[in-house]
Structure formats: structure tokens, C-alpha cells
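Colleague: Start from the sequences and build out the full structure, keeping to the hints where you can.
Protein chains: 2
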Amino acid sequence: MGGTSEKLACEKMGGLIPAVIQDHNGGDVLMVGFVNPESLAATQKTGEVHFFSRSRNKLWKKGETSGHVLRVREIRVDCDADALLIRVDALGPGVCHEGYRSCFFRTLDGQGQLNVVDEKVFESESVYGKPVNGKKTQS
Amino acid sequence: MGGTSEKLACEKMGGLIPAVIQDHNGGDVLMVGFVNPESLAATQKTGEVHFFSRSRNKLWKKGETSGHVLRVREIRVDCDADALLIRVDALGPGVCHEGYRSCFFRTLDGQGQLNVVDEKVFESESVYGKPVNGKKTQS
Chain W
14 MGGTSEKLAC EKMGGLIPAV IQDHNGGDVL MVGFVNPESL AATQKTGEVH FFSRSRNKLW
74 KKGETSGHVL RVREIRVDCD ADALLIRVDA LGPGVCHEGY RSCFFRTLDG QGQLNVVDEK
134 VFESESVYGK PVNGKKTQS
Chain Z
14 MGGTSEKLAC EKMGGLIPAV IQDHNGGDVL MVGFVNPESL AATQKTGEVH FFSRSRNKLW
74 KKGETSGHVL RVREIRVDCD ADALLIRVDA LGPGVCHEGY RSCFFRTLDG QGQLNVVDEK
134 VFESESVYGK PVNGKKTQS
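Protein chains in written order, with the working numbering: chain W, 14 to 152; chain Z, 14 to 152.
Careful, some of the hints might be misleading.
When chains are identical, the list treats them as one kind, so a pair holds in a single copy or across two.
Derived EDC-like pairs: lysine to aspartate or glutamate, alpha-carbon spacing no greater than 20 Å straight-line [to be verified]:
hint, residue 1, residue 2
1, Lys58, Asp122
2, Lys25, Asp93
3, Lys25, Asp95
4, Lys58, Glu87
5, Lys74, Glu61
6, Lys58, Glu77
Source of the hints: derived by calculation from the structure; they are not laboratory data.
As the structure is a prediction and not an experimental result, all values here were calculated from the model.
Modeller: So this is what it looks like as C-alpha cells:
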């Protein structure tokens, strides 16, 4: 794996650290995923973002199902080396498996209510298929 | 605590979820912290960002030492309710305890090298004091 990944403080969280995905064009925060040394190495090697899926317990290339790949423009590391900021060109209309451009399409107001504030940009089922066991994947 | 926090999927990570802090003015990602239901409730009540410190195992108001408080403009929740995006007005010159505007002041290049690419905006020791046991706090 080399020196790169060993510099990251993955031990704080069971081998994983959060990676913020930011649109290089415009600066919107699109999603947060988790990476481990293996997925970071795959990301650096291919130039396309790979996460580690906690629910599926495996390496996961963002866009492997949808084609909505995240092309890496820049990777930044925070002061404590326990979080990444990955600036990307996002291929496809949106990153969210629910059909939005960003996974952060809802606000939380002072009364604890979640309010959808963005517009859907694609039909989720036409990209990801019907939900399996009521749950869609995010690929 | 009410219904708000119960909607968040904190159970995935020992009661904590990552919160991305984004500058409302310009869109730069400033830092990533972790929140639990208690720190989210304090954030919503006061309008100033509170985290849960994993290293100190306690509620932590950002800026309690430095005065570099994060005033909440908007809280967003992601599709899986396991990450927050908090857009803020950042008081003070920078959020990073190392003296930078953003904690993401280093890039990671293809050879695994970390390169400082931002300029320091304040003297860390004049704000936070000298490091204790070689480690500064981030408050």
C-alpha cells in the first residue's frame, strides 16, 4: 500500500475515514463516503473515486452501476489526517441514488423537520432499477 | 432531544455521524467534525456549531478557546441520514488549530506526498497557546 495510506489516521474509526466529495465546478458538496487504505489506493490509481461500503463490507467504485463516476481533480487531507476532501468532476446528472444532484437535498429546520429543497434531476429507478428489499444501492 | 436526532442514523458509528462544515460565503469546505444527538441539539439551540470530541470524549463548542465560532446558516441531512452538511459564517480568520483558514490545507499527490498549498492566516500559538504534550486542541 505504501506510505500514502499509512499517513492517514484510519485507526480512529475501524479503518475508515470520511471523504467529502465536492464538485470542482461550483463547490457544492455532493456526498460523504468512507474510505480505507485500499479504496484510497484504487482512487489514486484510477483517478475515479472508490469508497469502502460499510453496509456491503467491500470496495465500491462510485458509478459502477449508474455510470455516474466521480473523476478526481484534487485530494486534500485535513490537519489530523482523519478526513479527506476530494474535489471531482461528477459525470452524469447527479450522485444521489434518490435522483438528486447532491445527497444533501434536505434541510433540517429548528423544529426537527426535514424539508426537500432541491429538485430531482433524474429518475432513480431508470438508473438503479427497482429497490431490492426496499433498499436501493448507491452505486 | 425530541424527534430530530432520532431521525439520524447515529447507530452506524458508535453514536456519531460526520458533519461537513462549509463556508456559506464562497463554499469552501473548512473542516469535518463529528456530532451526536446531544451536540446537534446544542448546535440547533444556540445557532453555533457544537461537536462531540472523540479524543476528549465530550461535547465541544467550536471556538470555545479561540473565539473562532461557527454561526449556523443552514443544516442539511444526506439521503441516508448518516451525514450532515452545515453551512456557516466562520468568525475569526480560520478554523484550523494549525493557523489555516481550512483544515484541508494540504493536497495528497499521486506519489503519496502531502503538500501544503494554503497560506497561514493566523499564528496558532497566539490563539491556542503552546501545545500541551505536543498536541494542540482544536477549540
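Colleague: Evaluate each hint against the coordinates.
Modeller: We went through each hint and held it up to the structure:
Taking the closest pair of Cα atoms, Lys58 and Asp122 come within 20 Å of each other only across two copies (11 Å); inside a single copy the shortest separation is 41 Å, beyond that limit. Within a single copy, Lys25 and Asp93 get their C-alpha atoms as close as 11 Å, which meets the 20 Å cut-off; across copies the closest is 22 Å, which misses it. For a Cα distance limit of 20 Å, the shortest separation of Lys25 from Asp95 qualifies both inside one copy, at 8 Å, and across copies, at 18 Å. Taking the shortest Cα distances, Lys58 and Glu87 sit within 20 Å of each other inside one copy (13 Å), while across copies they are farther apart (36 Å).
Within a single copy, Lys74 and Glu61 get their C-alpha atoms as close as 8 Å, which meets the 20 Å cut-off; across copies the closest is 36 Å, which misses it. In this homomeric assembly, Lys58 and Glu77 come within 20 Å of each other (Cα to Cα) only inside a single copy, at 16 Å, whereas the closest approach across copies is 41 Å.
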